[in-house]
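J.: Heads up: the protein sequence lines correspond to chains A and B, in order. Heads up: the first sequence runs through residues 1 to 113, numbered per this note's numbering. Heads up: the second sequence runs through residues 1 to 116, numbered per this note's numbering.
In short, the hints are calculated from the structure, not lab data. All C-beta atoms, glycine included, are put in the ideal place defined by N, C-alpha and C. It cannot be assumed that every hint is accurate.
[What the hints assert, rightly or not] Rough simulated footprint, nothing fancy, chain A against chain B, three-plus residues with beta-carbon under 8 Å:
| no. | segment |
| --- | --- |
| 1 | 10 to 24 |
| 2 | 55 to 66 |
| 3 | 81 to 93 |
[Claimed, not checked] Taking lysine to any residue pairs in the SDA-like style, the calculated list, with each CA pair at most 25 Å apart, reads:
| no. | chain 1 | residue 1 | chain 2 | residue 2 |
| --- | --- | --- | --- | --- |
| 4 | A | Lys44 | B | Leu40 |
| 5 | A | Lys71 | B | Ser74 |
| 6 | A | Lys41 | B | Asn53 |
| 7 | A | Lys41 | B | Leu46 |
| 8 | A | Lys44 | B | Ser74 |
| 9 | A | Lys41 | A | Asn99 |
| 10 | A | Lys41 | B | Thr69 |
| 11 | A | Lys36 | B | Ser18 |
| 12 | A | Lys44 | B | Pro82 |
| 13 | B | Lys42 | A | Pro8 |
| 14 | A | Lys36 | B | Arg61 |
| 15 | A | Lys36 | B | Val54 |
| 16 | B | Lys42 | A | Ser5 |
| 17 | A | Lys19 | A | Asn99 |
[Said to hold, decoys possible] Label pairs and their computed distance ranges (CB to CB):
| no. | chain 1 | residue 1 | chain 2 | residue 2 | range |
| --- | --- | --- | --- | --- | --- |
| 18 | A | Gly16 | B | Glu56 | 29 to 39 Å |
| 19 | A | Ser86 | B | Thr113 | 33 to 43 Å |
| 20 | B | Asn67 | A | Glu53 | 33 to 43 Å |
| 21 | A | Pro8 | B | Leu40 | 42 to 52 Å |
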Amino acid sequence: DTAVSQTPKYLVTQMGNDKSIKCEQNLGHDTMYWYKQDSKKFLKIMFSYNNKELIINETVPNRFSPKSPDKAHLNLHINSLELGDSAVYFCASSPTTGNQPQHFGDGTRLSIL
Amino acid sequence: GENVEQHPSTLSVQEGDSAVIKCTYSDSASNYFPWYKQELGKRPQLIIDIRSNVGEKKDQRIAVTLNKTAKHFSLHITETQPEDSAVYFCAADRVDRGSTLGRLYFGRGTQLTVWP
């Protein structure tokens with residue numbers, strides 16, 4: 001029983017394409033996150049949703065659009081992919097916002113050709 | 001916003017030795033400090049955390065200490081084993097007064113290698 005599951009695990013695509021990553025958590029948590037981990041392993045938050053409401057939106061290009069249909073799901077759509085988008089994208093969840101342990105998914109490795 | 005600095009970036013120890021990783025933070029309002037372990041190709045996993053009302057916390061071979069005055073916190077691993085080899089991340093979180101909103105600021109990670 002995977003607590004935070006992401007699909008796909010790997011995504012290889014060409015520049016200019018549009019792609020989506022899906023995330024689901026079965027922990028009953030209210031808050032979900034998207035992180036980007038670059039080649040130097042730096043973990044940077046992109047977005048956070050609490051009970052389907054966007055609460056954190058870091059300085060991320062408009063090409064990235066998150067969507068939370070319900071509090072157990074948080075998807076990430078990326079338009080017009082660029083070489084610099086190559087990274088591992090992690091979904092995470094926590095019981096509520098702030099000062100809570102976060103549980104991470106296994107990540108989606110995005111490679112732009 | 002918060003700035004978390006982590007040192008060293010790489011650490012090599014012999015099996016059985018201790019390892020210490022140190023982090024400093026800039027925002028005195030930060031009040032939650034988790035540590036994550038990330039093995040190669042895997043997800044970050046929480047290994048221990050500490051809140052600002054506690055100075056030290058221990059879980060078997062792992063301990064974390066917090067010095068609020070100096071704004072630094074450290075991870076201590078004793079009797080290291082090869083399976084401790086991974087990247088370790090510290091992080092700091094704050095919840096603004098009157099709010100429930102918070103976010104984690106991560107350090108840049110420490111690659112720990114334990115040689116048998």
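J.: For every hint, state whether the structure bears it out.
T.: Hint check:
1. 10 to 24: violated (count 0)
2. 55 to 66: As far as the segment 55 to 66 of chain B goes, the hint is violated, because 0 residues have Cβ atoms under 8 Å from chain A.
3. 81 to 93: holds (count 3)
4. Lys44(A) / Leu40(B): Distance ~18 Å between Lys44(A) and Leu40(B) Cα, so the pair holds.
5. Lys71(A) / Ser74(B): violated (34 Å)
6. Lys41(A) / Asn53(B): violated (30 Å)
7. Lys41(A) / Leu46(B): holds (16 Å)
8. Lys44(A) / Ser74(B): holds (21 Å)
9. Lys41(A) / Asn99(A): holds (23 Å)
10. Lys41(A) / Thr69(B): violated (29 Å)
11. Lys36(A) / Ser18(B): Not satisfied, since the Cα-Cα distance of roughly 31 Å exceeds 25 Å.
12. Lys44(A) / Pro82(B): Violated, at about 28 Å.
13. Lys42(B) / Pro8(A): The hint holds at about 15 Å.
14. Lys36(A) / Arg61(B): violated (30 Å)
15. Lys36(A) / Val54(B): At roughly 31 Å apart (the allowed maximum being 25 Å), Val54(B) and Lys36(A) break the hint.
16. Lys42(B) / Ser5(A): holds (13 Å)
17. Lys19(A) / Asn99(A): Roughly 32 Å separates the two Cα atoms, so the pair is violated.
18. Gly16(A) / Glu56(B): 29 to 39 Å: The hinted range 29 to 39 Å is violated for Gly16(A) and Glu56(B), with Cβ atoms some 52 Å apart.
19. Ser86(A) / Thr113(B): 33 to 43 Å: violated (26 Å)
20. Asn67(B) / Glu53(A): 33 to 43 Å: holds (36 Å)
21. Pro8(A) / Leu40(B): 42 to 52 Å: Since Pro8(A) and Leu40(B) have Cβ atoms about 20 Å apart, the given range 42 to 52 Å is violated.
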